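Residue numbers (our numbering), protein chains in the order written: chain R, 13 to 246; chain V, 6 to 198.
No wet-lab data here; the hints were simulated from the structure.
From a predicted model like this one, the values you see are computed outputs, not experimental measurements.
Just to be clear, a hint being listed does not mean it is correct.
Straight line, CA to CA, 20 Å or less: simulated SDA-like cross-link-like pairs of lysine to any residue [what the hints assert, rightly or not]: (1) K137/V <-> S162/V; (2) K91/R <-> N114/V; (3) K91/R <-> P161/V; (4) K91/R <-> P75/V; (5) K91/R <-> G112/V.
Not the full set, but computed from the structure, chain V residues with beta-carbon under 10 Å of chain R [unchecked claim]: (6) C18; (7) L22; (8) P35; (9) P66; (10) W73; (11) L105.
Footprint (simulated), chain V over chain R, 3 or more residues, beta carbon under 8 Å [unchecked claim]: (12) 58 to 65; (13) 91 to 101; (14) 147 to 153.
The beta carbon of each residue, even a glycine, is placed where N, CA and C say it ideally should be.
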Amino acid sequence: MLIEKAALPASGRAPSPGLRLRPRLLRGALRLRRVGTVGLVVYALGLGAVLGLASANWATRGRYPFGGVVLNAWTAWPKIGARDADPYVRAIHARTGEVPLALGEGLLLTALTDDDGRRLDPSCRYRIAGATPPARAWTLTVERGRHAAPAEPQAGTAPPPPRTGFTSTEVLRDRDGRFAVALSPDVQPGNWLPMPAGEGSIRLVLRLYDTPVAASTGVLEREGVPSITREVCP
Amino acid sequence: MTPLGRFVLATLCGLVLAGLVHVATVLAIPYLSTGDAFARSRTTLANDTSVLVHAAETGGPAEAAEGWLPRQDPAVAVGICAYDLDDGPVRITAETGPLLETIALHGRNGAYYAITDQAALRGTVELVIMTKRQFDEALATADEDERNRDVRIIAPSREGFVSVRVLAALPSQQAQANEAARSVSCTIDGPDE
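Excised from the complex, chain V in its bound form:
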């Protein structure tokens, strides 16, 4: 083989290798990242209520919030609350107000459930996140005479986080939106539920 041929062959090998490295890197980034929303939300695990991570800033200066999110909608307040289903099912309770509010459940691989405040019953959205096993247990021990009205969602994995978005449609609603994004409660459901 001529030297030029060898050089071309080495270049081709390099390009194929580059493709493999590219694919492997892109696939590995979510697992190695420490700056993604999932990893960052872990610090809120001990809280009983959601933490404001992006404050609405349509009217006046924005409130202090954990600012690790990239640029967001300025009219929306974002709250986050991490959960771990090891200690039992997690109950999410959001008091909805006049503002548009959406709640999404995220696992490691992205969002798996979302609900808006239109699904609220008497001004409250209530969800119970459980694993498949906890769901089966709850079904097995349920009292047959009593109707359970919880919205039960089976999570794909034990860990995840809940995101709350509240839209401040008018500048005067900024404080209200921030308060709503901050006040979603996520507590571990009692074992006797």
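Extracted from the complex, chain R is given alone in its bound form:
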């Protein structure tokens, strides 16, 4: 340490013109010279630990960072239940306790945006329509980062909890077997999916159960996924 301190001024060159232009940096550098090697090592270790742990925490919070197959607004996650799932997926499952849909069970698709790429806005009305990929059954649900706390049940007067999703059996269809779900904060005719109250971003989740799609997502591209169209925005 002492040797380092003594050696530094000797090896230090005259400040370059660039440094003179940036006096604050120079002052910082001068202060650093006093801090010495031990300080720099501690700084590097601290930087590594803090950045490494923070980024690992951020990457495994709960949303899969990569490995999805993007189809319009939807992202399919065929690998999350497989044995060759990537380490991030496994870390996320370990932290959340999730039991993922296995490859032969079904397929999970999520959407955070509409078809134009805009994030789903809780105050807007959306139309989710079209056909779904082949599956024995599917469910379409809407989630929010943090749901509003459920109201305390009062004797007799408590309204039923709002609908959070549709299953393929209960959704109303037109003559061709296609469906249209209206995701809106206001009551809508037909398949009304109430916009969930609470905080955080809106996420649409489509789960296909017992589907041949799970084996290859190429089928998804051919058969198409439901479209998400923004209709009215106040």
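Start from chain R and add chain V according to the hints.
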């Protein structure tokens, strides 16, 4: 080296170190976690039937269930049953009903097998989970005249759990789905099988 150069070098070292710490942490989380489904399922090891961990809630209030799963499909009831192959092969028997039911086998590293109720024979899905060694033993001691109709699955490791998902396609099927997710039996197969 100028002080600024030393500072930049230390920052670069810190960034490289951060990358190493990041990778090591992500890889270590599954082994250190006590809140993952595998660790949580260990409490059900003594049960002979699956435990409901997520109740379907499409019609009316949800039934009480162990609520450690993150947000699930509200129309699906999830049951879980842990196994340990140390005491012998484990037989999974599920009586399927009119509802869509899927059964998946999970090891420590994720699911390794899944089957749906379409594979049911006379309304029953029956699987036998065994280790490679138990499988070889069963083959060696098998009676050649008798056909074995079990679906035998070789597990990658001794410990794991079975998950059952039952879809309540209509709100009126909620109770039925919960019951089906709760009633899968997982028992240790007799050594004379």
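For each hint, the structure was consulted:
1. K137/V <-> S162/V: 9 Å, holds
2. K91/R <-> N114/V: 13 Å, holds
3. K91/R <-> P161/V: Roughly 18 Å between the alpha carbons, so the hint for K91/R and P161/V holds.
4. K91/R <-> P75/V: 19 Å, holds
5. K91/R <-> G112/V: Cα-Cα ~16 Å, so holds.
6. C18: 4 Å, holds
7. L22: 3 Å, holds
8. P35: 4 Å, holds
9. P66: Since the shortest Cβ distance to chain R is 8 Å, the answer is holds.
10. W73: Since the shortest Cβ distance to chain R is 5 Å, the answer is holds.
11. L105: For L105/V, the interface hint holds, since the closest Cβ of chain R sits about 5 Å away, which is under 10 Å.
12. 58 to 65: holds (count 8)
13. 91 to 101: Since 6 is at least three, the answer is holds.
14. 147 to 153: holds (count 4)
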